[in-house]
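Whole structure, please, built from the sequences with the hints as guidance.
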Amino acid sequence: MNTLSYILHETWISLKKSGAMLFCALFIITTSLSLLGFFILSDNFLKTIIKDVENNLEIVVFLEDGYNENTLEQRIIPSIKSMADVASVRYVSKEDAKNELKKDVPELNEIFSVIEDNPLPASLRIKVKTPTALSTVSEKIKKENGIIINELTYGGESVNNFLSASEKFKQFTMILLVLFIVTSVIVTAATIKLTIYTRKSDIEIMKLVGATDWYIKWPYIIEGVILGVVSSAFAMMLVLFLKNSALLEMAKSIQFLNGFKNEISLQEIGIKLMLVGILQGIIGALWSTSSILAERE
Amino acid sequence: MIEFNEVSKVYDNGVVALNNISLGIEKGEFLFLIGPSGAGKSTFLKMIFREEMPTSGQVFIDGRNITSLSRGDVPYLRRNIGVVFQDFKLLGDRTVGENVGFALKVMGMNQAIITNQVNRVLDLVGLSTKKRMYPSQLSGGEKQRICIARAIVNNPAILVTDEPTGNLDPYISWEIMKLMIDINSKGTTVIFATHNKELVDRMRKRVIVLKDGRLIKDEPRGNFDYDNAV
Chain A
1 MNTLSYILHE
11 TWISLKKSGA
21 MLFCALFIIT
31 TSLSLLGFFI
41 LSDNFLKTII
51 KDVENNLEIV
61 VFLEDGYNEN
71 TLEQRIIPSI
81 KSMADVASVR
91 YVSKEDAKNE
101 LKKDVPELNE
111 IFSVIEDNPL
121 PASLRIKVKT
131 PTALSTVSEK
141 IKKENGIIIN
151 ELTYGGESVN
161 NFLSASEKFK
171 QFTMILLVLF
181 IVTSVIVTAA
191 TIKLTIYTRK
201 SDIEIMKLVG
211 ATDWYIKWPY
221 IIEGVILGVV
231 SSAFAMMLVL
241 FLKNSALLEM
251 AKSIQFLNGF
261 KNEISLQEIG
271 IKLMLVGILQ
281 GIIGALWSTS
291 SILAERE
Chain B
1001 MIEFNEVSKV
1011 YDNGVVALNN
1021 ISLGIEKGEF
1031 LFLIGPSGAG
1041 KSTFLKMIFR
1051 EEMPTSGQVF
1061 IDGRNITSLS
1071 RGDVPYLRRN
1081 IGVVFQDFKL
1091 LGDRTVGENV
1101 GFALKVMGMN
1111 QAIITNQVNR
1121 VLDLVGLSTK
1131 KRMYPSQLSG
1141 GEKQRICIAR
1151 AIVNNPAILV
1161 TDEPTGNLDP
1171 YISWEIMKLM
1181 IDINSKGTTV
1191 IFATHNKELV
1201 DRMRKRVIVL
1211 KDGRLIKDEP
1221 RGNFDYDNAV
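Going down the list, the protein sequences come from chains A and B. All residue numbers for the first sequence refer to our numbering, where the first residue is 1 and numbers rise by one. All residue numbers for the second sequence refer to our numbering, where the first residue is 1001 and numbers rise by one.
These are computed hints drawn from the structure, not numbers from a lab. Backbone N, C-alpha and C define an ideal beta-carbon position, used for all residues, glycine too. Take every hint as true, because none was put in to throw you off.
The calculated label-pair distances, taken between Cβ atoms and stated as ranges, are:
#1 B:R1120 to A:F39: 57 to 67 Å
#2 A:W214 to B:R1064: 14 to 24 Å
#3 B:G1014 to A:F39: 47 to 57 Å
#4 B:R1094 to A:F23: 18 to 28 Å
#5 B:F1060 to A:L35: 54 to 64 Å
#6 B:R1120 to A:W214: 23 to 33 Å
#7 A:F39 to B:Q1058: 55 to 65 Å
#8 B:R1094 to A:W214: 14 to 24 Å
Right under this line is the structure:
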């Protein structure tokens, strides 16, 4: 209890003493955390676009007129559904296809009213569990007997290119994120080190009267944690401002951003920023006190 | 109690601060350490509380080789050694009482004991009325007495003082000296590095003379004379 009250008291004294340097550290940590927050936000934004595209990828099997409906319903659809990589199979009849098209392009209503026959083919819309399974599933379907496939499409090479590009993008952003966190930890640690250097003589006196290294370090570690928490709160405010102003403005004109707006977890970004902020504070405090204590040794 | 065994210290810049020093200091002894500036006095004192490590040789305290202490054990060694500096080394943003009690606080003592001990040593150094003042409100002599109070508050077995009267007038210096004698009379070993000839000559205690890092004189009842020492 005495030790805890001592540590908290020393933390308070240390915070008061840091003065301008403390504000400087607060500013730098807030800046680095805000950048990190914007980065996470942009990363989420791009991932949402990729996910949106991936979710809409499907195999469309156009059926030639005259197919046997019983065979289709009792054997072909269950057989496709039983494939491991298939998530869902939806049968779209000729009539459904016509209605869908009319709904998507109302201007065609007039044309359909004068055409007697329905030129649109019936189809099977197949969604797969992972985008990479598109080609293997479509190959298997081609080998299914009993239906006449007019055309089978899933975007072919362009989809594969997109998937490989998005996979590379994910790896690249992961590396960038790690680099970003490491850089920001180093910058913060160096800033905290400067604030602790201003109290070098206090540390010298503490050592001379027999304080252990950890006894000296703890108040600075708590100070680092406080710095991290306060900075991450400020950074979160900036991220919130960005999300609520710029992104919502954009969302009004871009439809899929509405999905993004709802999907983005601010709580998750907040926790990430706070964890990185606290980590920065602790590493900064440990690094700086250890080097000062080593000098005195 | 304290034993230097062929201790030498050469700094990174090549300066030889101590050159093959061997001597022993008994428990409860009062010892003056004199010598010109740069003779190695401060390095000698720093070896005792392990602020400096010898380049060669060993330093023993109570039979324990402190040069081989682990880093984690050094604070516990220092809690048994009071240190007084010429430049006081007081915490400017804390009151006299807090400065003196600081040594006990880092040992994790409870507040009631700290208050008791602080009052006792402030009485001893004659500054109990200044407990709530800050160092900037005190004179040089008062600051030095606060520094002494902090050094002795946990009843250390050894008191190391590095020119504690260096910035003080003769009257105050003598007051500090009397305080040291008082502390020594209670059984604390006192090692007193000084340039003050009057104090050394008046006390007639054991005198060790260092010159260019060498021990050139060790007299049981010496005086301040290092120019003629060989």
